[in-house]
Amino acid sequence: MIDMHDVWKEYPNGTVALRGVSVQIQKGEFVYVVGPSGAGKSTFIKLMYREERPTKGHIFINGFNIERLKERKVPYLRRSIGVVFQDFKLLPRLTVYENVAFALEVIGASHRQIRRRVKDVLEWVGLADKAHMLPAQLSGGEQQRVAVARSLVNNPTVIIADEPTGNLDPDTSWSIMKLFQRINDRGTTVVMATHNREIVNTMRRRVIAIEEGRIVRDEQRGTYGYED
Amino acid sequence: MWRHLRESLRSLTRNGWMTFASISGVAITLLILGMSLVMALNAQQMSNYVAGQLEVDVYLKQNVSDAQGQQLAEQVRTMPGVKSVQVVSKEEGFKDLQERLGAEYKTVLSGLSEQNTLPVRLIVKAQDPRQTVPLANQLRQLPAVDQVHDGQAVVDKLFAFLDTVRNIGLVFVAALVVTTMFLISNTIKITIFSRRREIEIMKLVGATNGFIRWPFLLEGVWIGVIGALIPYAVVVGLYNAIYARVGGTFAEITFPLIPVGVLAERLALVMFGLGIVIGVWGGVMSIRRFLKV
Chain A
1 MIDMHDVWKE
11 YPNGTVALRG
21 VSVQIQKGEF
31 VYVVGPSGAG
41 KSTFIKLMYR
51 EERPTKGHIF
61 INGFNIERLK
71 ERKVPYLRRS
81 IGVVFQDFKL
91 LPRLTVYENV
101 AFALEVIGAS
111 HRQIRRRVKD
121 VLEWVGLADK
131 AHMLPAQLSG
141 GEQQRVAVAR
151 SLVNNPTVII
161 ADEPTGNLDP
171 DTSWSIMKLF
181 QRINDRGTTV
191 VMATHNREIV
201 NTMRRRVIAI
211 EEGRIVRDEQ
221 RGTYGYED
Chain B
1 MWRHLRESLR
11 SLTRNGWMTF
21 ASISGVAITL
31 LILGMSLVMA
41 LNAQQMSNYV
51 AGQLEVDVYL
61 KQNVSDAQGQ
71 QLAEQVRTMP
81 GVKSVQVVSK
91 EEGFKDLQER
101 LGAEYKTVLS
111 GLSEQNTLPV
121 RLIVKAQDPR
131 QTVPLANQLR
141 QLPAVDQVHD
151 GQAVVDKLFA
161 FLDTVRNIGL
171 VFVAALVVTT
181 MFLISNTIKI
191 TIFSRRREIE
201 IMKLVGATNG
211 FIRWPFLLEG
221 VWIGVIGALI
231 PYAVVVGLYN
241 AIYARVGGTF
251 AEITFPLIPV
261 GVLAERLALV
271 MFGLGIVIGV
281 WGGVMSIRRF
291 LKV
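Those protein sequences? They're chains A and B, same order as listed.
Residue 1 is where the first sequence starts when you use the numbering used here, and the numbers rise one by one after that.
Residue 1 is where the second sequence starts when you use the numbering used here, and the numbers rise one by one after that.
Possibly wrong hints are sitting among the right ones.
[To be verified] Example chain A residues on the side facing chain B (calculated, C-beta under 7 Å, incomplete): (1) K73; (2) P75; (3) R79; (4) V83; (5) K89; (6) L91; (7) A103; (8) V106; (9) I107.
Derived from the structure by calculation, the hints contain no laboratory data.
Each residue gets a CB set at the ideal place from its N, CA and C atoms; glycine is no exception.
Please work from the sequences and hints to get the whole structure.
What follows is the structure in structure tokens.
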């Protein structure tokens, strides 16, 4: 599913973000990625959806060989992955419905398919009644639900989330975490970078800790392990 | 495709002022271009018209008979670069002369008709008017030819003048086209900049570059087309008014202006074509950078 072998990443400015990372994530796993800021979490996450390319090493994602992947094939990798961010990345001028439909429109789905899929997925995240509101009219938690709905609408096999609860209060964070739990229950792999100690320590899953560009800990049902 | 069209129109109205600015830019450039073009095309028309009138008068030696003249005409017709040859027999030449001299000399001339000593004359036209002078020189070499009148000086001056006019126009237009392209490129760059979030999301959810590019290219096309429409209407309208006033000929040199319909057709081709080309080019230039992520 996700297979990294001795991956290095050096940025053009000389910063070495990853120093020989090897990891395997199986289909249906739920993985937290933790570590101090600047340790390489973001780079690790970005390599998975080919936002960044490794300087050295081998990466396979959903059967795509990232090293060999041609620029024009990248969109097809992205269609098999859903991404969720801390800042939601919604389009402010589009309604909830349109924001979710956007992900299907750009891959050329038919009108009928779009209508059915968007309706289903909005129902699934519990926002069916807010379909015609604009993001600004929603709470932060609701906006993140829209973002999650958008990441799910293509039926990806992996959901990658970069601090999805970073901007949310504790109660709302928990409701979003329950959503991810349900996504994982359907058999979808979830990889989540997070700083939220309480969540990691309560909802125990596999924990990968990254420090100074290396994986320093990889435990099933692990803990957050940092005092920040 | 439908979506791209909708998106491109939406972004035109969304960034109203920028759109207005770039359409104005295109419009002004194409207005100047259109006017230069009208002048250039008419200059060319004049050149062709005058050139079409150019002919070489070949006076044969006096002892050459009408029949021999006809024979020679056949021979000249087969020469490369010759469009037409007209034979003016001694008899016809005499009538011409009579007409030109007028009534007063009629009686004098009528007595001379029996002893017509006028030479046979050939009127030769070149296929390419610019080859008139070389052709005349060639004709001078023929043994039966006495004198050749080709109006060389006039021809050379006229062509030199028209070439200069055309070259200046070309340089001017080229400079304007480049300027406009940069203007449009900048406008679309700003559109893209204001929509980079949208592009970022499109890329994240797996839109292909081609898909992302389309609305921006179409936006360029719209700017080009709308920017061409206005000056096109102005130029054609103005030309129509001028054409109607002078009655289809340019008084000073009396050559026919290009008819409005023909000119409008050519202008449409050039102005809309160029408008679209610079619009699309502007779009391509501005988006290339943003797609490399």
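Under 7 Å, Cβ to Cβ, is where K73/A needs to be relative to chain B, so tell me if that hint holds or is violated. violated (9 Å)
Does the CB of K89/A sit less than 7 Å away from some CB of chain B? holds (6 Å)
Hint check, P75/A versus chain B [nearest Cβ-Cβ separation less than 7 Å]: With a closest approach of 4 Å, the P75/A hint holds.
Interface restraint verdict for V83/A against chain B (beta-carbon cut-off 7 Å): holds (5 Å)
Chain B contact restraint for V106/A - C-beta distance below 7 Å: Since chain B brings a Cβ to about 4 Å from V106/A, closer than 7 Å, the hint holds.
Restraint satisfaction for L91/A [CB to CB of chain B, less than 7 Å]: holds (6 Å)
Hint check: 7 Å Cβ-Cβ cutoff, R79/A to chain B: holds (4 Å)
Restraint outcome when I107/A is required to lie within 7 Å of chain B by C-beta distance: I107/A check passes; min Cβ-Cβ to chain B is 6 Å, inside 7 Å.
Holds or violated: is the Cβ of A103/A closer than 7 Å to a Cβ in chain B? holds (4 Å)
Going through the hint list in order, the structure does not satisfy hint 1, though it satisfies all others.
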